[in-house]
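*Asks:* From just these sequences and the hints, can you work out the full model?
Mapping the sequence shown onto our numbering, position 95 (from 1) lands on 95, and the numbers just tick up by one.
It is worth saying that the hints were derived from the structure and are not from the lab.
For each label pair, taking beta carbons as the anchor points, the in silico distance ranges come out as:
| # | residue 1 | residue 2 | range |
| --- | --- | --- | --- |
| 1 | PHE154 | VAL115 | 32 to 40 Å |
| 2 | VAL118 | LEU47 | 16 to 24 Å |
| 3 | LEU46 | PRO117 | 18 to 26 Å |
| 4 | PRO117 | MET65 | 34 to 42 Å |
| 5 | LEU46 | LEU126 | 12 to 20 Å |
| 6 | LEU97 | GLY150 | 17 to 25 Å |
| 7 | VAL118 | ALA42 | 16 to 24 Å |
| 8 | PRO112 | ILE146 | 18 to 26 Å |
In silico lysine to aspartate or glutamate, EDC-like type, Cα no more than 16 Å apart, as pairs:
| # | residue 1 | residue 2 |
| --- | --- | --- |
| 9 | LYS132 | ASP64 |
| 10 | LYS132 | GLU61 |
| 11 | LYS96 | GLU59 |
| 12 | LYS96 | GLU61 |
| 13 | LYS96 | ASP64 |
| 14 | LYS132 | GLU59 |
Ideal Cβ placement from N, Cα and C applies to all residues, glycine included.
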Amino acid sequence: RYGSDHPPLPEQLMPMRHLALLLALALPAPAQAIGLGVDVGAGAWLLEGLQADVHLRVEHEFFDMLKVGVRPGLAYLHYEPTPRLAIPLDAFVKLKLAILYVEALGGMYWIPSHVDPVRAHVAGGLGVQIWKFSIGIEVGYLQPSINILGRVGFTFF
Numbered sequence: 001r002y003g004s005d006h007p008p009l010p011e012q013l014m015p016m017r018h019l020a021l022l023l024a025l026a027l028p029a030p031a032q033a034i035g036l037g038v039d040v041g042a043g044a045w046l047l048e049g050l051q052a053d054v055h056l057r058v059e060h061e062f063f064d065m066l067k068v069g070v071r072p073g074l075a076y077l078h079y080e081p082t083p084r085l086a087i088p089l090d091a092f093v094k095l096k097l098a099i100l101y102v103e104a105l106g107g108m109y110w111i112p113s114h115v116d117p118v119r120a121h122v123a124g125g126l127g128v129q130i131w132k133f134s135i136g137i138e139v140g141y142l143q144p145s146i147n148i149l150g151r152v153g154f155t156f157f
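*Replies:* As structure tokens, then:
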């Protein structure tokens, strides 16, 4: 029953409109905006030895040129006296301009069998991406020294 004590029906629905707007903004992006790929890299960890790694890359695309994501992986660090396995975990921002890309990433390496198991990692990358394939170079700092890697990648979707 509606009388002068009750507001008109559209005003009663105002909180519902706000809730619908909040839900629309909070829901995940469409599936095509989420990318999944794999990267393989090899190079030198200066002052330490050789390094090879493989990363799973999960990224969210903003517009057509900006991607933000995470990159967990597995790395083989070949240095004396004992080669070791490590688990890297990086977050990254990637800017793509035509076929060129520039990326910045940072995170950590966990080397379970080492005296200092957690190592800081920051790096920058530059390369070419054509269709689903990419090739580039990554230069960074993996505590306690610089690392330089060549990197090849493939994006599944």
